[in-house]
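Protein chains: 2
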Amino acid sequence: MTWPIVSIIVSLLAFAVAYWLYQWVSKQPTANKEIARIGALIREGADTFLVREYKLLAIFVAVVAVLIFILLPQPIWHEDGSVANNLYTALAYIAGSVFSALAGKIGMFVATLANMKSAEAATKGIKPSFMIGFRGGAVMGMAVVGSSLLGTTIVLLLTKDASMTLGFSFGASSLALFAKAGGGIFTKTADISADLVGKVELGIPEDDPRNPAVIADNVGDNVGDVAGMGADLFDSHVASLSAALVLGMALDGGKIGVNTSMVLCYAAIGLFASTIGVLLARIKEGGDPTGALNTSTYVTTGIFVVLTGLATWIFGFNALYWAATIIGLVVGVVIGIVSDYFTNDLRPPVQRVANASKSGPAFTIISGTSYGFLSVFPALFGIALSALLAFTITQNIVPDSNLDSLFGISMAAVGMLSIVAMIISNDAYGPIVDNARGLVEMGGLGEEALRITDELDSAGNTVKAVTKGFAISAAGLTVIALLGAFLSEANDLLASKGMEILTGFDIMDPTVFFGLIVGAGIPAVFSAMLMLGVDRNAERMVAEIHRQFDEIEGLKEGKPGVTPEYGRCIDIATVGALRELIPAGVMAIVSTLLVGFIGGIEAIGGFLTGNIVSGLLLALYMSNAGGLWDNAKKYVEAGNCGGKGSDAHKAAVVGDTVGDPYKDTAGPSINTQITVCSLVASISAGLFIAFSLF
Amino acid sequence: MTWPIVSIIVSLLAFAVAYWLYQWVSKQPTANKEIARIGALIREGADTFLVREYKLLAIFVAVVAVLIFILLPQPIWHEDGSVANNLYTALAYIAGSVFSALAGKIGMFVATLANMKSAEAATKGIKPSFMIGFRGGAVMGMAVVGSSLLGTTIVLLLTKDASMTLGFSFGASSLALFAKAGGGIFTKTADISADLVGKVELGIPEDDPRNPAVIADNVGDNVGDVAGMGADLFDSHVASLSAALVLGMALDGGKIGVNTSMVLCYAAIGLFASTIGVLLARIKEGGDPTGALNTSTYVTTGIFVVLTGLATWIFGFNALYWAATIIGLVVGVVIGIVSDYFTNDLRPPVQRVANASKSGPAFTIISGTSYGFLSVFPALFGIALSALLAFTITQNIVPDSNLDSLFGISMAAVGMLSIVAMIISNDAYGPIVDNARGLVEMGGLGEEALRITDELDSAGNTVKAVTKGFAISAAGLTVIALLGAFLSEANDLLASKGMEILTGFDIMDPTVFFGLIVGAGIPAVFSAMLMLGVDRNAERMVAEIHRQFDEIEGLKEGKPGVTPEYGRCIDIATVGALRELIPAGVMAIVSTLLVGFIGGIEAIGGFLTGNIVSGLLLALYMSNAGGLWDNAKKYVEAGNCGGKGSDAHKAAVVGDTVGDPYKDTAGPSINTQITVCSLVASISAGLFIAFSLF
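Chains as they are written, first to last, in my numbering: chain A, 1 to 694; chain B, 1 to 694.
It cannot be assumed that every hint is accurate.
When chains are identical, the list treats them as one kind, so a pair holds in a single copy or across two.
To be verified - Simulated pairs of lysine-lysine, BS3-like, Cα-Cα distance not exceeding 27 Å:
1) Lys-358 <-> Lys-556
2) Lys-358 <-> Lys-644
3) Lys-650 <-> Lys-634
Honestly, the hints are just simulated from the structure, not real lab data. These figures come from a predicted structure and were not determined experimentally.
Given only the sequences and the hints, what does the whole structure look like? Please build it.
Structure follows, in structure tokens:
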């Protein structure tokens, strides 16, 4: 019982630090009226979106909760305590979505405050501006991982049943699916439309207050990159914990024993190490923000390794599981560095794509696609290798069982996600300083402040590519662990019905193979639906922007006192995003159920595997290619290959626009889609066993 | 012994028909001197490329043959008759590459003749022009499938060992890998460079004789779309036969029994039916060429179904295997129709992408990518379903064995590829009439002839998209069958060493999983390498075209008597293509060997599966997206969405250029890469069993 209590204490500590950081940020001065006005508009827009999104989600969650109560894990008309079990699962599901929503709300609340403060601080220098951006983001990091650990531990403590944490995890995934995909559609609709009419057609600068979509664009940064990303990583973190808890408790003979405790202990240490890392983050006046962000990450990593090592030694955990955890963490960091190679403008890929742009946009796309394809290999190899190593070193801990090695893999996933609070802090820093840059421009705070926020923004972009690669890989390893958890769940059910248990999923079994191939298609269809959603939505918004420039007199010329109707653009992005995300989300869930009812457990094993394989491939490709195009454009804008206004620049802008929905809508949403499918499969395993065609 | 003899007779019959068709084509008139001159240039360029390519390949094949002799299937220092066995495998390997090379050479010889005749005939009407184009292409179809069936049967007859046909198949694959990838790089280098400088920069029409790259472009059509495509389908056909023969002989207890005979019988009927279909193909004056091509395909399909049904009844083959074969064929046709939906300009996807182009090239790319992603699903589902159905209906033929159902799947692949001679005829028709169009333009044969060849060319494009979807799906099913053959081979070896045999490949086994994830990365890396090759090569050629326009006086203005140095562009394309394809090919082979030596048979099972999953996904995506962009551009050029010269047109051209290496270089080469990896794995199985790390 010690470790659940420790987990709860560490989570509460994280909340306390988050509150302290929030207080610190809110104490920073805001004097400029214009910034306060625009900041309020952004905040209001973000709130509006969140409220509408959460309302829609509430309906969705309610419907699913009822279905869970009736059907899962066993139909309610089933004997032996189904009612209580189903009720707990449904409640855990609701709790998962509520905890995630709360963390998102808190993070965004502080982010939309910090952007104003960071903008104003930029007039005083890079140090205060950076600190506000970073600490504002860190609130999100602390809130997300604090809620994740707290929620999971409470569910475990109350039910004493790790498989209930899968219900909690499913709640988190449902929310993440909608938050990430909906936020992703919102942000890219606004971004693309604002650029298309503003920069390309009219030639007015980015973040120009005349542009009717400019506030929507800034709102998008918050709902997509702050709230969406937070929900995504909340989801991955909970999923990695749940998978490890299910397998750990199976190893402990169904009790909270030494292995279950180890999972909670490591997770608590991860959050603790991130908290220290966040509090230690500093920058000197004139210092390098990228360096500051990376240093805190390395510090956190170091603390985690040392403390978990000590804990393992003192509390007698198995050192081999510890080694598996560290392997996961190290591979995660290495994958981050590889993503950086492919998306950093100091490295050949970005520079070659920028160079290719001189021959026209087609070459920007072809070369970017090629480097994007190349970039997936190191990450895939890293994931495969860490799974193989974690398995190999843990496979003889328990004789004649594969639970030990599956648990080893799940601990590698826990390791990879251990420092996620730090990762989220770095990641949320990006949109805050991006917004701050916008506010500096719109508030007219001067060239020096613009230069400073530009530098902060650029560091945010670099770090974002790295953390995205990290997040996708972590999700990949987590889903592998979830596959193990699914098998373990299914076997429990099979054994309880006196049926033969599965030793695994044989590729040569055609139901498995059927699932594998069909599963491989789902992430492609899912991303296509989201991207087409962005396309359709951007069309609507472009029409609205044109209308405003045509109808509002003096807007184009920037006549004082004439402001565009920002609210209409925010409305279009909001309504459109919510309309477009539903079919994609429903498709993912329904296809999982269909495959399960057609081919049963075996087909689902294949289906999830196909999902992982093609999902990782596409997610890594799209995120990296998108990041690469973004930075190739920036590289040209910095004066290379002809600089701003050249043909190469026009071509690079095309690449950047293509990359936008790749990297911010489809790519990172695929994680969530895979996790959702895995969790739907896990909690519906009983149904598939009872009713399936083949 | 009856059926091998029948196969040989039918193959020889196909050669006789091919010879008759060649005679018919060569008897058609050529009077126009200019066309004869340019036609000779194209022919010469194509020959030069083929000679250089084959020389390079000869070295490659010789090295691999020596390695095979020393190492495969068992190291030569191994006891029990390795020397003879290895020698036969090496000879079969050489035979496979030689047969494929010969078929390619024959096909291209006739194609480069038929293009001139078809161009001249266009002055007389659509009927003679179509017939020459089609019959010229049909020579390729007859030659390819005739050689494939003849070679495979001879190897089987001589060695009485079906696994030797895998060696033959590997030879065919090696050639295909180089022919498809090399030809693909050649053709797109020339195509993109010619368009970029000619159409985009200088605004001169396609196929304008002033363009130094125009002959290289036409040569490219022949080496990429005729020779390369032929080698690709030769490879798939042989591979499907080999896989079915290996499994059939295993079912027949190692003899040429009823199942082995059935494979040969069906293959012979497929070739026979295609021959009839080819001879029946007709078009009325003023008729629809697309309809004519499709009608012959349906006639062939019908004849195949009826004759194999009769043969099954008369010769007492198992009707369930017949059903599996027909399932494969029907699903293949359905997948072709789906590809058509996504690439036909009468359907919504192409029209929507054309419409999106009005907002700029980024939207062309985003929407095209989205529809490309969507298009993979029906094909993947079809492949998965046909494998599942074929398995299900054949699984109880032999009690307690999985050989029957694996054989069932391999028969579905045989069915899908049964009408491949017809498919190749349709496919080779495309580049012939495309070239004819070029010759009409360059020879100045007038507007009416241009209109006719335009119509023929457009039919070629439509049919090409369909046959490409068909070819990829067929390759997919074949590789699944090869996976079965690999397992069967590995188990023979394991049994002979007294080791435990494998029942399958368990996804939860981390070596399998390791292979799976790594294997999924290979097609991405492979396509990236090819596309970057095209990029680099096109850069060189664009520089050369610029040089000629700058240095050759009067060229730009079209002064009479001034001709560009066509040969230099052909040289650049040739040298570059051969230089760029080697690393990609070697990467595919070496990675297979590495994974095998690291993780053994289990890892290879996963590796091949990962290859299939991501290979199918990427190949279908790239082929369909490429075809879609091509037709969206044509749709705009036909006067829609603003028509030629509009912004939408410029954007659609960008899409088309991106699609070029997608659909003609990377996409269709992935098939071959997967087959090569499968065959390397199959014939190296013994080595992996003897030496592997995990």
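Right, here's what the structure says about each hint:
1. For the homomeric pair Lys-358 and Lys-556, the shortest alpha-carbon distance between copies (23 Å) is at most 27 Å, but the shortest distance inside one copy (31 Å) is not.
2. Proximity of Lys-358 and Lys-644 under a CA criterion of 27 Å is satisfied in both settings, with 12 Å inside one chain copy and 24 Å between copies.
3. Both within a single protomer and between protomers do Lys-650 and Lys-634 lie at most 27 Å apart by alpha-carbon distance, with minima of 12 Å and 24 Å respectively.
Consistency with the previously given hints is maintained throughout, with no hint failing.
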